[in-house]
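**Q** All chains, please: the whole structure from these sequences, using the hints.
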Amino acid sequence: MSRLNDANIKLAREIIARYPRPKSALIPLLHLSQEQNGYITREAMQHLGELVGVTSAEVYGTASFYEMFKFEPVGKYLINICGTMSCALMGAHELMHHAEKKLGIKAGGTTTDGVFTLAHAECQAACTEAPTLQVNYRYRLRVTPDDLDRLIDNLRDGKLNEEFPPHGVLSKVRQSIDASRAVGAKAPEDVNESPVWLDGKAAL
Amino acid sequence: MTIVDPIKEAAPVDPNVVNITINDKPVVARKGELIIAAADRTEDFIPRFCYHPRMSPVGMCRQCLVEVETPRGPMMVVSCMTPVAEGQVVRTATDGVKKAQEGVLELLLANHPLDCPVCDKGGECPLQDQAFSHGPGESRFVEEKRHYEKPIAISDIVYLDRERCILCDRCTRFADEVAGDALITFTSRGNDTQVLTFPDEPFSSYFSGNTVQICPVGALTAKPYRFKARPWDLEQTESTCTSCSVGCRTVVQSSRDELVRYQGVDIDPVNWGWLCDRGRYNFESVNSPDRLTSPLMKNGSELVATSWSVALENAARMIRLALAQSTNNVAILGGARGTNEDAFAWAMLADKLGINQRDAQLGDGLSPEVFNLAQATIDETCAAKTIILLAPDVKEELPVLYLRLRDAAQKRKSRIIEFSSRNSGLTPYVWRTVGFEPGNQAQIVREALATPEMKEQIARGEVVVVVGRSNLAESEVFTLQALGEVLSAVPSAKVLPVLRRGNVRGAVAAGLTPKDNSGDAIDILNAAAAGKIECLILLGVDPMADVADSGLVQRAFTQVKNVISIDTMINSSNRNADLVLPAAAYGEKAGTTTNLEGRISNVAQKITPRGTSRPDWMIATELSIALGVDIGVSSLEDLNEKLVNSVVAFAPSSDAKSTHGDGVLMARETPVTISGVASKVTDRNAYNYRLVVSRTMYDSAQSTIASPSLAGIITEAAIFVNPLDLARIGVTEGANVRVGADGTNIVIAIKADNGINRGTAWLPFNHTGVDIRPLLNIASDVVDVRIEPIK
Ligand code: SF4
Ligand code: SF4
Ligand code: FES
Ligand code: FES
Chain A
13 MSRLNDANIK LAREIIARYP RPKSALIPLL HLSQEQNGYI TREAMQHLGE
63 LVGVTSAEVY GTASFYEMFK FEPVGKYLIN ICGTMSCALM GAHELMHHAE
113 KKLGIKAGGT TTDGVFTLAH AECQAACTEA PTLQVNYRYR LRVTPDDLDR
163 LIDNLRDGKL NEEFPPHGVL SKVRQSIDAS RAVGAKAPED VNESPVWLDG
213 KAAL
Chain B
27 MTIVDPIKEA APVDPNVVNI TINDKPVVAR KGELIIAAAD RTEDFIPRFC
77 YHPRMSPVGM CRQCLVEVET PRGPMMVVSC MTPVAEGQVV RTATDGVKKA
127 QEGVLELLLA NHPLDCPVCD KGGECPLQDQ AFSHGPGESR FVEEKRHYEK
177 PIAISDIVYL DRERCILCDR CTRFADEVAG DALITFTSRG NDTQVLTFPD
227 EPFSSYFSGN TVQICPVGAL TAKPYRFKAR PWDLEQTEST CTSCSVGCRT
277 VVQSSRDELV RYQGVDIDPV NWGWLCDRGR YNFESVNSPD RLTSPLMKNG
327 SELVATSWSV ALENAARMIR LALAQSTNNV AILGGARGTN EDAFAWAMLA
377 DKLGINQRDA QLGDGLSPEV FNLAQATIDE TCAAKTIILL APDVKEELPV
427 LYLRLRDAAQ KRKSRIIEFS SRNSGLTPYV WRTVGFEPGN QAQIVREALA
477 TPEMKEQIAR GEVVVVVGRS NLAESEVFTL QALGEVLSAV PSAKVLPVLR
527 RGNVRGAVAA GLTPKDNSGD AIDILNAAAA GKIECLILLG VDPMADVADS
577 GLVQRAFTQV KNVISIDTMI NSSNRNADLV LPAAAYGEKA GTTTNLEGRI
627 SNVAQKITPR GTSRPDWMIA TELSIALGVD IGVSSLEDLN EKLVNSVVAF
677 APSSDAKSTH GDGVLMARET PVTISGVASK VTDRNAYNYR LVVSRTMYDS
727 AQSTIASPSL AGIITEAAIF VNPLDLARIG VTEGANVRVG ADGTNIVIAI
777 KADNGINRGT AWLPFNHTGV DIRPLLNIAS DVVDVRIEPI K
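So the sequences go chain by chain: A and B. Numbered according to the working numbering, the first sequence spans residues 13 to 216. Numbered according to the working numbering, the second sequence spans residues 27 to 817.
Please keep in mind that the hints were generated in silico from the structure rather than gathered at the bench. Hints may contain errors.
To be verified - If we take Cβ atoms under 8 Å as the criterion, some of the chain A residues that face chain B in the derived model are:
#1 Arg54
#2 Val66
#3 Ser68
#4 Tyr72
#5 Gly73
#6 Phe176
Stated by the list, open to error - Cut-off 25 Å, straight-line C-alpha distance, at most; resulting in silico cross-link-like pairs (PhoX-like, lysine-lysine):
#7 Lys481/B x Lys541/B
#8 Lys481/B x Lys411/B
#9 Lys439/B x Lys57/B
#10 Lys439/B x Lys35/A
#11 Lys35/A x Lys668/B
#12 Lys541/B x Lys668/B
Bear in mind that the values here come from a model prediction, so they are computed numbers and not experimental data. C-beta: ideal position from N, C-alpha, C; glycine also.
**A** Structure representation (structure tokens):
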């Protein structure tokens, strides 16, 4: 079952209600579905289309624009090793080779036990701390081959569960917004009052 | 002393007019108009790929760059996104502009495969043309180009070659914005951006052919035309589609005397350049190997080829023999497939012979009195504040009218009130949908229109009622009653009658409709079944397949002594005819046709009629001579002259030129009002289901079956009910059930459909597999059926 489960459908409805148009909720819903399944399945895209009233093609069009949505199963831990200039100068390629040897896969592949996926990444905006990598988009900086070995072992042994939730989980603490603070179901063209920040008094 | 003229007041400046100059020449533009649209009225062509006048601008391709004067000097803007402004100075061919346009083209060509020699678009390709007119001539790009799998089928009809695509967003915009079928979309990003469908969900839009026509490169091609011809070999002529009564303007193209393609032509009052796929691709049936090439006459139990002289002689003999006893012994069915002239020639012949029983409608139409109510055009309908639908599913039956109505609802803010027994293609776009069970629509309409909300809406301005037959298993009376209710609630409402058959309005106006209160098609069939008709003439109709009540038709055909059929192919009705006269098909004959709003426009001949087939009017003329009652027609022009002089409705088309382009509206009679019709419907037994039977775009119509590209799209017959009823019947989706009415049973697959109310069941008409017509009985006002699981 890779459509949203009942609990997530409920959550999806809540998220949809925060936007003036249902389809505006598509990106958060894609994250929700990736959190549930680890990647974006076809059935999930069809389901999201039903939920927000667009075609599956439109869901796919939106989702495929973003690198962080995966359409194939991804390991529980997605390791992105930066290969851009600063990191390259500081040994990123060697680090990648080391990771490939350690995990027994090539960059872009997933280990047979489904735990690790290894991937190249472009600059992760932490160049002063090169070489860098991310595990499920959480940083590790100035990584040496030894660090990498330890990291992989600890991940496999479940010692880092606290820090690294499985791929797809954006944050462990789910943001919530009080219904009274939701923007409301008004489409932009129906909004007549000026935005709050233009109105001096309201801003005070 | 000099006399001074009083100072003239300055003419008020029209706020809707904006004066600009393009290349130093003054141009008058409309307020809010885009520079590129204003320039299109001048000699100066601005190159473009993504801009399309019928869709919202997106500025995707950047080919339309021009310079606009600003206080800080000339500025480069995309002319398809920049509106005109008073005093604006636009230059479209400065050195800067040329450099920019060449630059954009060089980039567009960087990844373009340049496989023009094997590309269908070559020779009529905007990319090719504009690379010549506005391109750099040479590319500096020597790197490997991007590669994709060469064409992938994105539907049964359309192929996509992503290497050729320049990402102009025309096809995807059309699918989403115009057709409402966003089944193709841009996927991925940057260098990987490509048009795709969702995996395994094809671009099965009724309007997919339009994307092929507007794609500015050869990225989208359509199966029926792929590798068939080269543009420079094509001959073409403008015409009007008669596959349904919308009457879209087309250009008919042929190569070596064979039809190879229709393209939409943009006329303002009707189709805006769009066509539906059925109308666009059923030209294949004209080329069908099954076309009749010579008259056929019954010899024993077989039809054998014969000469025209023998055939006409025999036809005359059969008719004379039947007429010898009574003029009521002969009847003519059909005529809606032909031109106005065809219908008129047959009507003249019928007049001469005293045959009053004739009908171009087949019991599923509207009484001609509806045409005498205050009429609305398509434009008037789409501009109305309120549009009331008492009509069949317009998307299925009158596809391009659906595009217009959808546009009215989406962009023009017309509000549509839909009365219907099941959801239609328009339902997602209507303001209110009011459901009814077949038979009680009049009451529902009366109650609905009396609510304060509806009253308020109706008071907002013009109201147009779109009226047609939404259910073949329901008496016409209910539609007329419901229409009567609308007109009594809104006496000022205008009416747009929507009848499906191509030229039904023209045929009726030209005289192929019951004369002197004689019976309509159903009465004719009843009379035939009672043995009272000796000779039945079929003018391009197939009642066996096309009349809802197949039992009646069968009884009629077994009783009739002689059947004379004028048709393009053998079908279920003329298979056992005594005489079949081969008729010229669409594209093989000229004349005029009349669309559902009464617009008369020309249909053109492009190719020679197959074999010895000839137009219906010519057959009528020759038959009249064989019968010794010459209708005195010597040529098409002569016939047309007679038509416009003797039938007032056609008078406005007396100048042949008026039927070109936009065409011309029929003369409208002084509107009458509809007289009340009363009838009551029996209550439905709670265990039964009331039937809705209606047509879909792809059914087993002859022109669809005989078009190989379309034939495969027709779906298997099935019965559709509300998902809750599925549970009540105790079956699962797809199971076979027994459907019974009046002692007749059929076995058919059942499917769930959320758009149907409980207690109602929908049967699409004329699909493949199971024949559903035995269930239908035209004598009953509504049809209730039992649905039982099969143990
Ligand atoms: S396929 Fe054709 S119409 Fe569609 S985006 Fe590409 S070039 Fe434009
Ligand atoms: S909508 Fe009707 S007239 Fe227009 S292209 Fe389709 S079949 Fe032809
Ligand atoms: S180069 Fe690796 S983080 Fe910037
Ligand atoms: S035509 Fe203006 S950007 Fe494409």
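**Q** When the hints from earlier in the document are held up against this structure, which numbers fail?
**A** Per hint list: 6, 7, 11 violated.
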